[in-house]
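Participant: Residue numbers (the numbering used here), protein chains in the order written: chain A, 1 to 521; chain B, 1 to 289.
Don't read these hints as lab results, they were simulated from the structure.
Hints may be right or wrong, so weigh each one.
[Stated by the list, open to error] Some chain B residues near chain A, calculated using beta-carbon distances under 10 Å: (1) 99; (2) 124; (3) 144; (4) 190; (5) 236; (6) 237; (7) 239; (8) 244.
[Claimed, not checked] Stretch by stretch, here's where chain B covers chain A in the computed footprint (C-beta under 8 Å, at least three residues): (9) 353-360; (10) 416-428; (11) 489-503.
Every residue gets a Cβ at the ideal spot worked out from N, C-alpha and C, and that includes glycine.
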Amino acid sequence: MSVLRENWRVVVLVVLLLGSTVALFVPGAPPGTTANETAGGDQLTNLQYGIDLSGGARIQAPVVGMTAEGVAVGPNEEAATQQAIADRLGVDPIDVEVRAAQQENQNGTVEVLNGTVTNEEFRTALQAEGYQPSTIRDGVTQATRDRMVTSIRDKITTSALSGGRVQEVNSPGGQSFISITAPGRDAQELIDILEERGVVRVYAVYRNDTTGNWTHQQVLSQDEFASISNAQNPNNGGPQVPVTIEQSAAERFQSDMAAAGFGNGASCNVEASDHDSVESINGTCLVTTLNGEPVFIGGVRPSLGQSFADGSFANDPQFVMTTTSMDEARELQLSLQAGRLPADLDFENGNQNTLSPALADQFRTNSLITGLLAVLAVSLVVYGRYRRREVALPMIVTALSEVYILLGFVALAQYPLNLSHLAGFIAVIGTGVDDLVIIGDEILQQGEVGTARVFQSRFRKAFWVIGAAAATTIVAMAPMVAFPLGDLSGFAIITIVGVLIGVLITRPAYGDILRSLVLDE
Amino acid sequence: MVAFEVPEVDYTQYSNRQLIAVPLAVLAVALGVLAVTFAMTGSPVALGNDFTGGSELTVQSSDSISQQQATDIFGDSVVSVQQVSGQDQYIITFDDSAEISTLTSQAEQAEGITVLQSGTTSPVFGADNQRLAVMGVGVAFLGMSLLAFALFRSFVPSIAIVISAFSDIVIPVAIMNLVGIKLSLGTVAALLMLIGYSVDSDILLNNHVLRRSGGFYESTYRAMRTGVTMTITSIAAMTVMAIAATLFGIELMASIGLVLVLGLTADLMNTYMLNVTLLRWYKYEGVNR
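From just these sequences and the hints, can you work out the full model?
Facilitator: This is the structure:
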């Protein structure tokens, strides 16, 4: 027992090594993975590879748009303002986003999500509507960027792009952009997917009076929608998406609906998530599909039904689709817009990278060989310097275990590995061995170590230098973690975590190992 | 296998002035190179695509590709063609005048060429990267300096660390300019790493001389024995990484490795000539003032 207590640092090291083995090799061990998941990784380990090492594309681009801030628009004026500004600028209403102030004493924002409008035109349009914006700047609001990230994520998931990652990246004091990574695709394919539109159809489902069978009749198609307003949550009525039907289609739509028996309204108890296609729905419902898949199923309110029956609907052809939550309403809006993103991405002013899986494979093997060669070089130097296997061997083993624990950490965090991270690994081997050399020299080269107390005091002296050196490395790397310089932040994170593992775990453990070696002599 | 032992340098043979002249001269030459580059190009360092904007293709080709052939295929936007040693792969760099989608389709139409990698950075993005990289290196350097002062709390030993770290960064950057390596995000990462690495041996030296008992020369020799081993170990690792990665065509790792080799070699000189001298002056003359 006392042996274990004296060498508790070695015990911690061994426990962490075992833990890393589990994280690396037991399928499904890292949280959020399943035993048979292989996407983006390989079969052997739980490591995730980024596009450098598995092939794929990465696109980083700002969002197209302009924001007017400090616009005094009230919560009830959003829809009207949106329409008015869109008309003045000659753009589609969905390219204008109006947000009223969220709190008292604050002003709202108006965004134009269309690259063709100039700053001057936008200001003129706002002023013509009686608004005095405090500033008009390039870029969009946080809320719109959040919606972009959600929408792109949805699109990527529905296009069966497994392992894709979408995130917002902010550069301090600079612009914000959206970063999209997709394994196994090239950048052009990814752009095509982002720009791809779906097909929206609306069906009336009802029981045929004569045959008794359920009928699924298409009553509206995509181009028959005049406009789809933004999802909103008014005080009465709950989360909803208002839609307007083209005047030319309104008459036919209302007579179809009346003929299908919706004249008195209809209640519907079918969940969209339970159905893959409109054909399997048996209930008196209005069903909206995107690419054939039901995205909204609802009944018809008696008042709306009445307006179909008496023909008054065509005078003001709009209705609302009500959902249970605001998230759902946003998603429905996106679906109704046929998967159109809230705004375009400015690919011209971003960056793109594509790496073929063949080259990525080559990088993976070769960087592994490079790493092993570096370890070999370090080992030779250390052995050549000390010429004592019992000093050099634990040094090399300790340095390697540092890398192993770091790998375990990376597997556990499901952090996608790129080339920059591998360079970080090699840097960690370098600093690791440096520190072990400091410990080794301090203890071995100042005369005999007689007692455990002498050992302890020398070890503490060595540790002061190691701690100071580690602190400078962390300070030097820290700014890169916060900066979204793609490759750099990965390198910095790996180096910092590696240094921390080294200082807190492996280097103290090496001290314990060395102590038992020198005190045995 | 060759064993090595760190030789004991007899510092008493050299005056402070003699010792410090060499690293200061090298630093002056390096700063001169940066100044000349600045005067000629408007930037002290040759900036790569990551910072100026531009595109890059890695292609596999059955026939060898010369600069001329690349210009025939892709037009005037070609900046350079570089063969991955020993393989039928070529890295072609373009300025920001060409669209990456056009370049990719031009390459795909050309006979016997397969595109393995394509990347493009817009000038706007590059300018952002430039600003952030300067800020990053600046903040890192400042943080390191403050930490050095906090650790030793006396001016000369702390400033010795700061000057030698500065020189460790400037010398490799100057050599990069001379041999035509452009600054990329990878080399910036290496420069940051260098701040961390180079300070190790400086802290070790300061610690031995200032905080331990024993004479100056004995302490210095002890610190040297450990410090030189450390730096040589790191140089060995980075040399292997630079060579292997160059052979394999992994640009990022090759440039990180190369910059670290240059910087660590400069660090050997700076630590054991510049730093030692400043400490000796501080120990024998500075303290008494």
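Participant: Compare the structure with the hints numbered earlier in the document and write down the numbers of the violated ones, lowest to highest.
Facilitator: Violated hints: none; all satisfied.
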